[in-house]
Amino acid sequence: MSSNAAASTMGTVNGFLEWFGDLGLFFWQVLRAAVTPPFEFRELFLQLDEIGSKSLPLVALAGAATGVVLSMESRYSLTRFGAKSLLPAAIVFSVIHETGPIITGLVVSGRVGAGIGAELASMKVTEQIDAIEASAVNPYRLLAATRILACILMLPLLTLCADLCGVFMGWVTQAVVEPLSLHQFINNGFNGADFNDFLPPTFKTCVFGLIIGLIACFQGMRTQGGAAGVGRAATSSVVLSSLFVILADVVLVKVILVFFP
Amino acid sequence: MNTVQPIAYQAGRLIPALATDEVTPAVAVKDLHKSFGSQKVLDGIGLTVMPGETLAVLGRSGTGKSVSLRIIIGLEKPDSGSVRIQGKEIKALGMDELGEVRKNMGFLFQHAALYDSLTVEQNVAFPLLHHKKEMSKAEQHERVRQLLADVGMEKHMQKMPADLSGGMQKRVGLARALALDPEILLLDEPTAGLDPISSGEIDELVLKLQQEHQMASIVVTHDLHSAKTIANRLALLDKGKVVIEGTFDELQQSDIGFVKDFLKHS
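First to last, the protein sequences are chains A and B.
1 is the number of the first residue of the first sequence in the working numbering; add one for each residue after it.
1001 is the number of the first residue of the second sequence in the working numbering; add one for each residue after it.
If you are wondering where the hints come from, they were derived from the structure by calculation, not from laboratory data.
Small disclaimer: the values here were computed from a predicted structure and weren't measured.
Treat the hints loosely; a few may be bogus.
The calculated SDA-like cross-link candidates involving lysine to any residue, where the alpha carbons are at most 25 Å apart (straight line), are [said to hold, decoys possible]:
#1 54/A with 1119/B
#2 1088/B with 38/A
#3 1132/B with 1183/B
#4 1241/B with 1133/B
#5 1103/B with 36/A
#6 54/A with 1116/B
#7 1077/B with 17/A
#8 1040/B with 226/A
#9 1040/B with 22/A
#10 1260/B with 1196/B
#11 1132/B with 45/A
#12 1103/B with 111/A
#13 54/A with 1160/B
#14 1133/B with 45/A
#15 1030/B with 130/A
#16 1091/B with 36/A
#17 1077/B with 224/A
#18 1088/B with 29/A
#19 1133/B with 49/A
Excised from the complex, chain B in its bound form (with noise of 0.2 Å):
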């Protein structure tokens, strides 16, 4: 089992889970490599997140964020490396074996991923549907209207996706990926393309229900400022390598020029 000494204190919050001796880590991402065609994407990075913890994961477009992410939940193969969700190595599962371990994950797509040909109530209830047949409809229905109600959608439960801002549209998203009560939540680009006041909501959003639900998340983001906010540390890409992880004063102290330049840029 792969286990790592935990840190009790992360940018100045307690994190529970990380004040017992050995805990073994939601997330554990050892020398991971993925290259589309000639192109080489991820060159050996590796990241640790663990329960109750928050990782931002910041970089330039293109340094592979997102693709890390994708390939945390399975949705892409990496060439080689390993990516172990609490303590199980998920590389060589098939597809239902997979399931099994993303019932345990929520994931927030960039662009939140909503089924257009459903309703709002619908896409919250897609998850419940089909790993919750125990639960009665009127008990379905009530969670989805307690996870809408989270979010602050209740009142557009109705509506179809295409009604909605884009914002609006993550909430949902959020709402959806919170379904089956996971305890690893990935956000992919959480902020993007929102003005700064439905960023500061969603990133709000966000912090509240990882200090209710006490997941371990990751954060893919271009955002430092939201970055600051929700996480607990922060891993800088560049060229598919971690160039830094550490707090965001660990950062901001760093002799290294691309973390100077980003910072700078931020």
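Chain A extracted, bound-state conformation (with noise of 0.2 Å):
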């Protein structure tokens, strides 16, 4: 019984650390394919267009409703409290420090990780990332390097306009229960506030970008197994690039409060 949960476990461990090393040589084949001409220009665009533009209307709508939340939730905790006046810097900060990146990463890990992991797995049962390969194109270049780019790319600029719709939806709220003027409420929200308040955060999605492209990218073009590997492709980029957002989100807010106090 002993031995067969040992068996077990070193057979768990074993799959991890192969998925891993499988991971690090995926992302040096794609690193090799995506600093090599020739550049697959018109697939990146496509990829920001896919990636940036249509996740866009989500990220809003998640980004407003995180403000709407927030500023309901810490009005009640600071008026308790006794401190009120705090709730726009309590809102801004919470909103551009960590719910607008962490939102806009779950966010974008849940529909740009499903989307990629289901279209490359669908592409790899079908052949078709074999008949690329086979026209004598890089499928690395092509398929994975543009959308991890993309991804990398798009990430700031949707946590950009997450942390927008936060802030602005905070202050719709808090005008709607008393009222204040925007001016007022940036005023305050922003005192005291400077770049590393802001840059570091941000910038941060980069590396949700990458974990997101690059997961499901992997898991979509490893995919064996018909419809249902197509299936199991999808929520395991899903669940793995959201699980490892998380994670990295966990060593980046340590990385910058060492690096930006």
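Each chain sits in its own coordinate frame; assemble them with the hints.
Structure below.
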């Protein structure tokens, strides 16, 4: 019984390490393809549109909803402790420091991760990726590098949008309960804030973009097993990229606190 | 350089490239081994195809016919053995170096493998867009139109692959495989899953294209009739080995039990 459990644990650990090894090799192949010509600009622009523009409404909505919730929750807590005047700063700092970036990362990993995972998996099981390779085109360059780069470039922009919507809806929610001009809200909210409060949390989403693009492309391009395999690839792309975005956030928050105290 | 003594006439047809004294084989496969886990698929096969020649690879399902074709174009890595394309060993090549070799090869997949988000025209234009950047849009369009006309699909340029029958998809796949005017053509089950009339049409088409373009071709098939029609030589595979290689007449005269059985049931 105990030897079975040990063997099963060893199997899981081996599988985990093997997955990481394969992911590392995949990343290396993509990196090598990405920095050597010919560059696939046409596909990159298509992916910037697919990943950026088409995620914008969802990210804006998620950012706005977060602003509303933060405003309501913070108002209740701060009023209770007699610090109601800090409400604009609490909303602004929460949104730009943490909720904006992480909500954007999770929304994009859901929408884009599933999309890339399913699309590439479907291409893999129908031999379309083999056909690209047989046409003397490098699929790592055409399919993976373009999608990963588009994720890296679009995540900070989408985060800005989520931040903007969050702060604006935070003000709307506040203004509904107690009249306060937007100018006053922004002045109070950003009082004492500098670029260190804004730039590192926004640009940490480049790492989220790398994680989402890399994992979704990897899971998609290694798919096996027909329609069931495509389903598994889409699901695992979302689950793994969301999980790794959250884990990366833990590390990045600590790194940002060390370098931008 | 790996060279063999050529035979100018095979299966009653003159192969122009073989009419000289020494010619580098278009494809030379030697002692190829491949296993998937514990399952041995290829057990030391060797095949040679000369420029302008067509070799049909026959055999039962699971004998490694398609795997050998995928190894020849570099989609699978062999466990051991050698694959030379026009004298160049491809086993150790990286993705981009292999790409250079592949520009000279066309591959028709068993299920055509058309890009389902692109139209028929865009599918055939795909290799041109990536490798013939010097061509203007008008030249590319004309080349695609000509390729599709060659396979009888000119009227379906704007259709999506999902709107085509299996036979039509194979025709488009063939046009795409010929887009870069390759010297080597690999066909994986070109008539599988087609009705007898469509199979015959595909055979005639392949034969016509081979005669026009003088390519070296390897055709993997179950269909003995098709193999007899389009190939100069036939190789019969069993359990990952080449059991016999020769003309159809040589196969018919063979005393090997498996060969007799295969011909009897085909």
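Structure-based check of each hint:
1. Distance restraint check for residue 54/A and residue 1119/B: the Cα-Cα separation of roughly 23 Å lies within the 25 Å cut-off, and the hinted pair is therefore satisfied.
2. Between residue 1088/B and residue 38/A the alpha-carbon distance is near 23 Å, which keeps this suggested pair within the 25 Å criterion.
3. Distance check on the hinted pair: residue 1132/B and residue 1183/B sit about 16 Å apart at the alpha-carbon level, within 25 Å; holds.
4. About 42 Å separates the Cα atoms of residue 1241/B and residue 1133/B, which puts this hinted pair outside 25 Å; it is violated.
5. For a cut-off of 25 Å, the pair hint linking residue 1103/B to residue 36/A stands: about 18 Å separates their Cα positions.
6. With a CA separation close to 21 Å, the supplied pair residue 54/A and residue 1116/B stays within the 25 Å bound.
7. For the hint pairing residue 1077/B with residue 17/A, the CA-to-CA distance comes to about 23 Å; that is within 25 Å, so the pair holds.
8. About 23 Å separates the Cα atoms of residue 1040/B and residue 226/A, which keeps this hinted pair within 25 Å; it holds.
9. Taking the CA atoms of residue 1040/B and residue 22/A, the gap is about 24 Å. The hint holds against a cut of 25 Å.
10. Taking the CA atoms of residue 1260/B and residue 1196/B, the gap is near 24 Å; set against the 25 Å cutoff, the hint holds.
11. Straight-line distance between C-alpha atoms of residue 1132/B and residue 45/A comes to about 21 Å, which keeps the hinted pair within the 25 Å bound.
12. Proposed proximity of residue 1103/B and residue 111/A is contradicted: the alpha carbons are some 36 Å apart, above 25 Å.
13. Restraint check for residue 54/A and residue 1160/B: the C-alpha separation of about 24 Å stays at or below 25 Å, so the hint holds.
14. A threshold of 25 Å between alpha carbons decides the hint, and for residue 1133/B with residue 45/A the separation of about 18 Å falls inside it, so the pair holds.
15. The straight-line distance between the Cα atoms of residue 1030/B and residue 130/A is roughly 24 Å, inside the 25 Å bound, and the hint therefore holds.
16. Of the pairs offered as hints, the one joining residue 1091/B and residue 36/A holds, with about 22 Å between alpha carbons and a cut-off of 25 Å not exceeded.
17. A C-alpha spacing of about 17 Å is found between residue 1077/B and residue 224/A, which places the hinted pair at or below 25 Å, so the restraint holds.
18. Note on residue 1088/B and residue 29/A: the hinted pairing holds, with a Cα-Cα distance of about 23 Å set against a maximum of 25 Å.
19. A distance of roughly 24 Å separates the Cα atoms of residue 1133/B and residue 49/A; the hinted pair therefore holds under the 25 Å criterion.
Consistency note: the structure conflicts with the earlier hints numbered 4, 12.
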